[in-house]
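Participant: Just so you know, the protein sequences line up as chains A and B, in that order.
Going letter by letter, the first sequence gives residues 1 to 89 in the numbering used here.
Going letter by letter, the second sequence gives residues 1 to 418 in the numbering used here.
It is worth saying that the hints were derived from the structure and are not from the lab.
Model, not experiment: these values are computed from the prediction.
Be aware that one or more of the hints could be misleading.
[To be verified] Some but not every residue of chain B turned toward chain A, in silico, with C-beta under 8 Å: (1) 215; (2) 243; (3) 246; (4) 251; (5) 253; (6) 254; (7) 301; (8) 303; (9) 304; (10) 309; (11) 344; (12) 401.
Note that the Cβ used here is the ideal one computed from N, Cα and C, for glycine as well.
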Amino acid sequence: MLHIKCPHCGMRSQNEFSYGGDASIKRPKLNKEISNEEWDNFVYNRKSLRGKHLELWQHLSGCRQWIKVERDTATHEIFNTYRADEEIS
Amino acid sequence: MQKYSIFNLVKNALSNHENWDLAWKDPTPKEEYDVVIIGGGGHGLATAYYLAKEHNITKVAIIEKGWIGGGNVGRNTTIIRSNYMHDENALFSEFGMDLWRKMSQDLNYNVMFSPRGIINLAHSDAQMNAYARRGNSMRLNGIDAVLLNREQVKEIIPMADFSENVRFPIFGGLMQPSAGTARHDAVAWGYARQADSMGVDIIQNCEVTGFDVTAGKINGIRTSRGNIKTKKVGLCVAGSTNILAEKLNMTLPIETHLLQACVSEPVKPILDRVVTFGAGHFYISQSDKGEMVMGGDLDGYNSYSQRGNLPTLQHVLTEGIAMMPFLSKLKMLRTWGGIMDMSMDGSPIIDKTHIDGLYLNCGWCYGGFKATPASGWTFAHTIAQDRVHELNAGFSLNRFSTGHLIDEKGLGTKTWIS
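Just chain A, same shape as in the assembly (with noise of 0.2 Å):
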């Protein structure tokens, strides 16, 4: 089983948490035109490689805050968590 440091709540088992997905996805800028192709990328394609993953999950069963993890997709290692508005070098 994962534990998920909450940034807000702690150590947490991953029972409490929902998935969802990279993190790295920037939907398109609003007012602008949009190629089918960014679209695209932004609602279809992902990189979803073998290491190191940024990813979205939310503590449903706790603050319902949705976070950052950072973590390791072949040892499950997770390595930071980050508030959602957390800008990451």
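Assemble the complex: chain A is given as a structure, and chain B must be docked to it using the hints.
Facilitator: What follows is chain B alone, placed relative to chain A:
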């Protein structure tokens, strides 16, 4: 190639079975091939077999990182069916059902195809209506479908929970009598043996490390056992699709997820059908050895680990016990996981790509095993003719940008919400 028959069995018994030929050779890679298939799973082996058999292309190599039978072809729950509503999936899968029925004779290898029927249980009136609609669609496409009421289901699977006060009472079910199971290892071995006998090189323990692409054309691949020249490459690597796509600078509508399965200790025959729970995601059948073979949901987050996580297993088995309470008495024998290429609409991709000579076969989600023959057959056609067959025309890569999704189960883009 030595034919497998009762006479050969008797003959070899006299010499203590020490003189059988190897089922397939262990060649060193040649410098050049007409077609290279990356991935020696069921789909890759079937593709090579049909390239040789249907298109007379035998200068073919299968490049496999691990060993034959070690990937998803040996990790699935062996269910074969074509109970789809949408034409693309239905016609493709029903074409595959025909290949399944002939497979043991065709490959001279007993794949133990057992058309025992699959029952999808319904737990509400609305679900019965949805199943009636799906069943009608299936029958219009020439697929057998029978809508069963509660009493009819009870006659077939009396061990399920038919009590009145359960959370998800059984209202009835949709049955495809011609669906069933087959021995998955035999499918891999049968295809490998036949492909090898027609001249295909099966190269195991060989990892693809890169591609030679110039001016939008594929010229060869780089592997851990040297470079190989070829004009045509077929990608058939399931959960590793994204890793190879990155080497080609492609981003695909695919996420790699872990799917678990498990078997109980062997027990006496109790279940002679495949049954799926309709109020969640759980399926069960009984193997010839007597084990109850079970599976269900993805682990729920991107994963390459090939090892399952217990919360998902617990969730899946809770559904199983709700459906068939006797399961709680059984001991678990084995659990395992495989990495799935989850496409964004739940349907596969068999298509050409923007790179000349590069062909893509991926996105099999929960249903890769049953598609093995049809996938190999259509992929071989796509590679040999350099154009898609009408059976896989719908499984295009660009359907996501054009909006022609094949959204069979309404899972939409969130493959992990199921």
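Participant: Against each hint, give a clear statement of whether it holds in the structure.
Facilitator: Do the hints match the structure? See the list:
With a least beta-carbon distance of about 22 Å to chain A, the hint placing residue 215/B at the interface is violated under the 8 Å criterion. Because the smallest distance between the Cβ of residue 243/B and any Cβ of chain A comes to about 6 Å, under 8 Å, the interface hint for this residue holds. The interface hint given for residue 246/B is met, as the beta carbon of that residue sits about 6 Å from the closest beta carbon of chain A, less than 8 Å. Restraint check, residue 251/B versus chain A: the minimum CB separation of about 4 Å is within 8 Å; hint holds.
Hint on residue 253/B holds. Least Cβ distance to chain A is approximately 4 Å, under the 8 Å limit. For residue 254/B, the interface hint holds, since its Cβ comes within 8 Å of a Cβ in chain A; the closest pair sits about 7 Å apart. Look at residue 301/B: its Cβ gets to within about 4 Å of chain A, closer than 8 Å, so that hint holds up. Hint status for residue 303/B relative to chain A: holds, with the closest Cβ pair at about 6 Å, below 8 Å.
For residue 304/B, the shortest C-beta to C-beta distance to chain A is roughly 4 Å, which falls under 8 Å, so the interface hint holds. Satisfaction of the interface hint for residue 309/B is found here, the shortest Cβ-Cβ separation to chain A being roughly 6 Å, below the 8 Å cut-off. Checking residue 344/B against chain A: minimum C-beta separation of about 5 Å stays under 8 Å; hint holds. The beta carbon of residue 401/B comes within 4 Å of a beta carbon in chain A, closer than 8 Å, and the hint placing it at the interface holds.
Violation of the numbered hints given earlier is confined to hint 1; every other hint is satisfied by the structure.
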